[in-house]
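Asks: Below, each chain spelled out in residue letters.
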Amino acid sequence: QQQVKQSPQSLIVQKGGISIINCAYENTAFDYFPWYQQFPGKGPALLIAIRPDVSEKKEGRFTISFNKSAKQFSLHIMDSQPGDSATYFCAASSQGAQKLVFGQGTRLTINP
Amino acid sequence: GAVVSQHPSRVICKSGTSVKIECRSLDFQATTMFWYRQFPKQSLMLMATSNEGSKATYEQGVEKDKFLINHASLTLSTLTVTSAHPEDSSFYICSAESSGIYGANVLTFGAGSRLTVL
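As you go down the protein sequences, you meet chains R and U in turn.
Position one of the first sequence corresponds to residue 1 (my numbering), numbered consecutively onward.
Position one of the second sequence corresponds to residue 1001 (my numbering), numbered consecutively onward.
Because the hints were derived from the structure by calculation, they are not lab data.
Glycine included, C-beta positions come from ideal geometry on N, C-alpha and C.
Just to be clear, a hint being listed does not mean it is correct.
[Said to hold, decoys possible] Subject to a maximum C-alpha distance of 20 Å in a straight line, what follows is the list of computed DMTMM-like cross-link-like pairs (lysine to aspartate or glutamate):
1. U:LYS1014 to U:ASP1065
2. U:LYS1064 to U:GLU1087
3. R:LYS99 to R:GLU56
4. R:LYS58 to R:ASP31
5. R:LYS42 to U:GLU1059
6. R:LYS68 to R:GLU56
7. R:LYS99 to U:GLU1059
8. R:LYS68 to R:ASP31
9. U:LYS1066 to U:GLU1022
10. R:LYS42 to U:ASP1065
11. U:LYS1020 to U:ASP1088
12. R:LYS71 to R:GLU56
13. U:LYS1055 to U:ASP1065
14. R:LYS99 to U:GLU1052
15. U:LYS1041 to R:ASP84
16. R:LYS99 to U:GLU1063
17. R:LYS5 to R:GLU26
18. U:LYS1014 to U:ASP1088
[Stated by the list, open to error] Over 10 Å on every C-beta distance to chain R, these chain U residues come out as not near it, computed from the model:
19. ILE1012
20. ARG1024
21. GLU1052
22. GLU1063
23. THR1116
My request is simple: use the sequences and hints to build the entire structure.
Replies: Printed below as a string of structure tokens:
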């Protein structure tokens, strides 16, 4: 019940396209859903986060869509760029920013 | 924004030796820090929660005698891998909770420390 399932494991998108990564959770107590971006050899960096009181949050080219009834949330990267190539992790927590449970990660490659 | 510094970034040691990794919050105080472990191409697994001035809380399956955590000040937590063995080779990442731009707390990660045990 503590798991967060992320898909796909890897994703290749052409430059300018839309990258979509999906996550699903079981624990209805989760109330904080961040997305992290990680480059090789570096720690994860917070990209965008959402709480369940809204269904969508947009920051620049990055959008989180949240479906509370389906217990799913997704990351959309619009106009994907080669610099977006990284591993993306969704996460969830019932304790704010603490005790994050991470998804398995998606390795995103943007082809020029 | 909040910065978490981790040192060393890479360390190679011989089997049986102990290695200490430092995690510092540079521009904020962190009463709580978190230590994660990440295997190649895998997700982050929470190892323990480091509490300033008290004992760390370890996740199930993490050996507290193998991974010693000390949080001696509001800006420093250390992870010591004792009697390291090759299976302890991994990427260790610390994180600390800080105030986000909208007031809600966010988790900021260090750059990680890659441990290789020969």
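Asks: Evaluate each hint against the coordinates.
Replies: Outcome of the hint check:
1. U:LYS1014 to U:ASP1065: holds, 19 Å
2. U:LYS1064 to U:GLU1087: holds, 16 Å
3. R:LYS99 to R:GLU56: violated, 23 Å
4. R:LYS58 to R:ASP31: With Cα atoms ~18 Å apart, R:LYS58 and R:ASP31 stay inside 20 Å; holds.
5. R:LYS42 to U:GLU1059: violated, 23 Å
6. R:LYS68 to R:GLU56: holds, 11 Å
7. R:LYS99 to U:GLU1059: Holds. R:LYS99 to U:GLU1059 sits at ~10 Å (cutoff 20 Å).
8. R:LYS68 to R:ASP31: Satisfied, since the Cα-Cα distance of roughly 10 Å is no more than 20 Å.
9. U:LYS1066 to U:GLU1022: It holds: about 16 Å lies between the C-alpha atoms, which stays within 20 Å.
10. R:LYS42 to U:ASP1065: violated, 27 Å
11. U:LYS1020 to U:ASP1088: Holds, at about 13 Å.
12. R:LYS71 to R:GLU56: holds, 14 Å
13. U:LYS1055 to U:ASP1065: Holds, because 12 Å separates the two Cα atoms, which is no more than 20 Å.
14. R:LYS99 to U:GLU1052: OK: R:LYS99 and U:GLU1052 at ~16 Å, within 20 Å.
15. U:LYS1041 to R:ASP84: holds, 17 Å
16. R:LYS99 to U:GLU1063: holds, 18 Å
17. R:LYS5 to R:GLU26: Roughly 9 Å between the alpha carbons, so the hint for R:LYS5 and R:GLU26 holds.
18. U:LYS1014 to U:ASP1088: holds, 11 Å
19. ILE1012: Correct as stated: the minimum Cβ-Cβ distance to chain R is 15 Å, above 10 Å.
20. ARG1024: holds, 13 Å
21. GLU1052: Non-interface label on U:GLU1052 holds, nearest chain R Cβ at 14 Å vs cutoff 10 Å.
22. GLU1063: holds, 20 Å
23. THR1116: The claim holds: U:THR1116 sits with its nearest Cβ about 13 Å from chain R, beyond 10 Å.
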